[in-house]
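For this one, chain A is given, so just place chain B on it according to the hints.
Below, each chain spelled out in residue letters.
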Amino acid sequence: MTTVTEPGKTLEKGFVGQSIPRKEDRRLVQGQGTFFDDVRRHGMGYVHFVRSPYAHAKIVSIDVSKALELESVYGTITGDEVAIHTDPFFEMSVEPGGNIKDYALAVGRVRHMGEPVAAVCAATRELARDAAELIEVEYDALPVLVDAEEALKDDVVLHDDAGSNVVWSGVFDWGDVDTALAEADHVVKIDRLHFHRFSSTPLECAGALVEYDKGTGEWTLTCNHQMPGVGAIWMAPALRTGIDKLRFVTHDIGGGFGNKICLHPQYVVLCLMARKLGRPVQWTEWRTDQHTANAHGNERWFLDVEVGVMKDGTMTGFKVKALDDCGAFPRYEPLGCIIWAQVTPGLYGWRNIRVDFTQVCTNKSPVSPNRGYSRMQHLWLTERIVDIVATELGLDPVEIRKKNYVTTEQMPYETPNGCVYDSGDYAAALDIALDLIDYGSIEERRAEAASRGKLLGLGIGSTLDSGTNNFGQSTLLNPDLQFSGNNEAASVKLDIFGEVVVTLGTVPQGQGHETTAAQVTADILGCSPEQVNVRRGHDTWFNSHAGFSGTYASQFAFTGLGAVKGAAELVREDMIQLAAAVLQAPPEAIELADGFARIKDGPEEAALPFMALGAIVNANNAFLPPEFNPTLNHRYVCRPYFGMVDTEKKTGQLTLTYATQIHAAVIEIDPETGEVDVVDYAAVDDCGVRISAQIVEGQVHGATAHAIGAALHEEFVYDEEGTLLTANFYDYHVPHAMDMPPLKTGAMESPSPVAPLGAKGMGEGGGGGIHCICAAIQDALRAAGGAIVYDSCNPAHRVWSMLQDPQATRANVSVTSR
Amino acid sequence: MAAPVTSRSVSVEVNGEQIELEVPTRRLLVHFIRDDLGLTGTHIGCDTGNCGACTVHLNGEAVKSCMLLAVQADGTKISTVEGLASDGELTALQQAFNEHHALQCGYCTPGMLMSATALLARNPRPSAEDVRVAIQGNICRCTGYVNIVEAVVAAGGKA
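Residue numbers (our numbering), protein chains in the order written: chain A, 1 to 818; chain B, 819 to 977.
In isolation and in its complexed conformation, chain A is listed as follows (with noise of 0.2 Å):
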C-alpha cells in the first residue's frame, strides 16, 4: 500500500485527522453486532412473499384457502386487501409518470418478473415458504418490455393510468451548445453508449420486525432501511396514518449503498400484516428476491452524443439525449432524471451542454439509488467523451485531461448550471495517481505485455462524490414538490455520571460514525473517544432526527457531524457556565481538557470532573439561581444554505461539496479469451479534510471494487420474457478475494470552505473504476483493430466480441472537421 499525502490546512490538532481503531468493531468481531433479523418476539411470524414469475401478466385470481388449511399458517394478505387498506404511495413526477399508481403489492397486474403479489405469515420460515407454494395465482400473461427504445414507441404500456411508458422528459440547455458545436474545429459524434444494470448488492439482504401496539395505533419497525426520514414520507400517508405512528429503529445494518431506500413497499406489507394478525411479524428478504425484484441501478443509454473540440483539444461542450430505463415503477425515481446535472460538466471546464432527457418504464426490476447514483452514470458519459474524443483526434489521454480540468486557481468554481465546485485540484491528483502506477514506464511494460501475446492498456477515470444534496432539486422534476434544502439531527449530554453520550439521526450501515463522532465530540468537550458513548443505530423515539435523516448521497462528514459538533458546542458552553459558577471564575478562564473542566493555569484543584458537573444538573441542583438553567443536553439540526433553484433556468445548488476521485487502471487482455486482467491500480482521493484517513481509505477500496466488478462482470442480464438471468451469486459474480487486483490509494486534502470541519461527504466514489477500466480496455484495443468501448461493463464475452469486430463499435463514432 502506498500512501501519498499532500497535507492540505487541517484542523487544530485533536482527535479528529486520527486514524483511531473504531469503536463498533469489537461487537462486530465477536459476532455481537444485532443485525435486524437477529431480533426474536414472543409470537412472531415469519413473512414470506408470493412473487410473480411473469415479467408482465394480469393477474386473473388469487387463491390463498390451501395456504390457510395448513397449521400453523396465521394468514395471508392479498393485493386486493393492500388496495381496499393503503393508499398509493405518492409519485415525484409530473404527468405522465405522475399518474402512476404504486401500491404495496400488485393490483391486478404484474409488471415485472418477482413483483410480490401476495404475502403470507406463518409460524416458521419453512413454514411461511410452503405455505406460499400452496397459495395459486392465475396469470394472463402480456407482452413484455425489456428495451428503454421499444418502451418509447407506447406499443405496450405498463401503466394505463399514466397511459405512456414515459415517466418524465426535460431538456436542460445551458450555455449555447449549437453555437459551440458550429464554431468548433471538429465534432465528434458518437451514436450511442450504454450504461448497464447493476446495483451494490449488500450482504445482508432487506427486511424488518414490525410491531403493531393496538392500543395506540402505532407501528415499530425494527429494520434496516437506510434512509427512515424519507421511508415514512412514503408509508404513513399509504398507510392512511400520522407519521409519528411509524417508529423506525436500526441497530447494526448489513450494507447499504442506496439499495435500502426503497423498502416500503415491503414494509407497508407487514404493517398490515401485524396490524391483521395482532402479532409481530418478521420478513427476511432472499437473496434471489433482492437480485429480482428489490433495487438495481439506472441503467441509461446516451444517444447521439456530439461534442466540440478546438485544435488545441479544448473541448467546449456537448449535447446528448440520455434514455433512463427505471423498471417497472419509478419509487425514488424520477429524481436520477436530475441528480446527475449535480455534476453536469464532470471535472472539465466546459460551458455549452444540452441534455434532453427520458426516463422510461420497463418490464424490469425498479430502481433506486445505487452508491454514486445517477451521477455516476453521467460522469461515465463525460469520461466516455474524453476518451473517445482522445482517440479520435490522436490526443493523449492526459493532456486532454489537464487542458480541460476545471483548475485548482478556478476554485471555488460555479458551472454551467449554477453548482459549486468548493475546492480540490484535479491535475494534482491526476498526477498522484500516475505516479502510483509509474506511468513513465507504460510503453516499455505495453512491449513486455506484447511480447507474451498480451494486450496492455491503461485508463483514466476521473470522477467526481457529490455530497450533501439539496432536495430543492426535485423542483426542477416536479414545481409543485414542496421540498427543499437539507438537514440532519444529532444530541449529546453530559448524564449523571459524567458520561458523553451523542445520538445520531443517521443511520449508518458500515462506514464509522460512531467512532468519527466520537472523535468530533471528543475534541469538542475536551475529553477521549472512549469516554463517548456513541449510540448504535437509528430510533425515530430518539427524537434526534430530522426530516431527511438517514445515510446517503454522501454527506454524513457535513450534516451528521455538522450536527454532531453543533450539539456538541452547545453542550461545552453549558458546562463552562456550570463550570463558572462552581469555580467562581469567569467563563473565559474555563477549559474543557482531559475529562475535567478547570481553570486555566489555575491550581490543581480548581478543576471540576465531568461527573460533578453531570450530577449537579441531573441530581444536586437546588442553589443553581433560577435564571441559570445550563441542561447539558442538546439536539441540534445540521440545516445547509443552499438557496432557492430556478426551475426555469435549471440551475441552482443541486449540492455543498465535491469529492474528487482520480482512478487509474493498467490492464492486460488475452486476445484469445478477452478476458481482461487488472494488472496495476491506483485510486487518488481528495475529500477535504479526513476525520478518520484508515475509514476514507476503507471507503475508497469497498468503492473500487464495486466498481471494478460492475466494469468487468456484475450485470443484470434479462432474456426477451423479461426473466433476470442473474438472479443470484452463483450467476451474478461480484468481487472475490481473488477477483482483487492489489490496491494502491493515495490522498490530498483540499478543505472545503463551506462544510463544518471542512471534510466533505464521501464513500461513493463515482464509479471511478468503471471509467477508468473502460479507459483502459480501449486503449489496450488500439492494437487489435481500435474498437470503441461502448458499454460499461465489459466482460470477456464483449471485449471478444469488440476484438473480432472492431469495425462494429467504430461505425458508432465520426469526426467531422472544419
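To be clear, the hints were calculated from the coordinates, so they are not data collected in a lab. Note that CB positions come from ideal geometry on N, CA and C, so glycine has one too.
One side of the interface only, derived from the structure: several residues of chain A facing chain B at Cβ under 10 Å: (1) R27; (2) V29; (3) T288; (4) H736; (5) T745.
Chain B alone, transformed into the frame defined by chain A:
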C-alpha cells in the same frame, strides 16, 4: 408406507457446550445455529452457498453452515464466531481486524474470521496469496478485501 421422519434428535458440541435438541430434519445447520441456539453471530447472505457469511468450524474445518442440514452435524464439534474470544479477550486475528480496519458493516466478518482462523490453524504464517485463496469463498461487499488480507497476514505468527 411408514410416515416419513420429520424430526430427529441432534447432539452436538457447540463452542465447548454439549447440546441435544430435537430438530426438523429439513432444517439447515445455519438456521439451527441462529434460531434454535440463538447464536446470531453466524450470518446468512445468500441462498446459494456462495457468500460464506455462515462459515463455522465443523470438527475444526471451515464449512458453510447453509450447505448442511442440522441433522448432518449430529455428533460433531461446532465452533462459531462467539467461541473465538475467551472471557472477552480477543484473538490476535480479531484484534488485527480492528487495527487494520478489516471490517465496515461487519456482516461478512464472522464468516471471514472463521475461514481465516481455520487458515491460521493449518498455516500460521500465510502469505497474502494464501489468504486470498483461503477467503475466496467469503464475499465482502464493503472492503474490497484489501484490509482483510492485510489483517490476516498481520495476525499470522501472533496467535
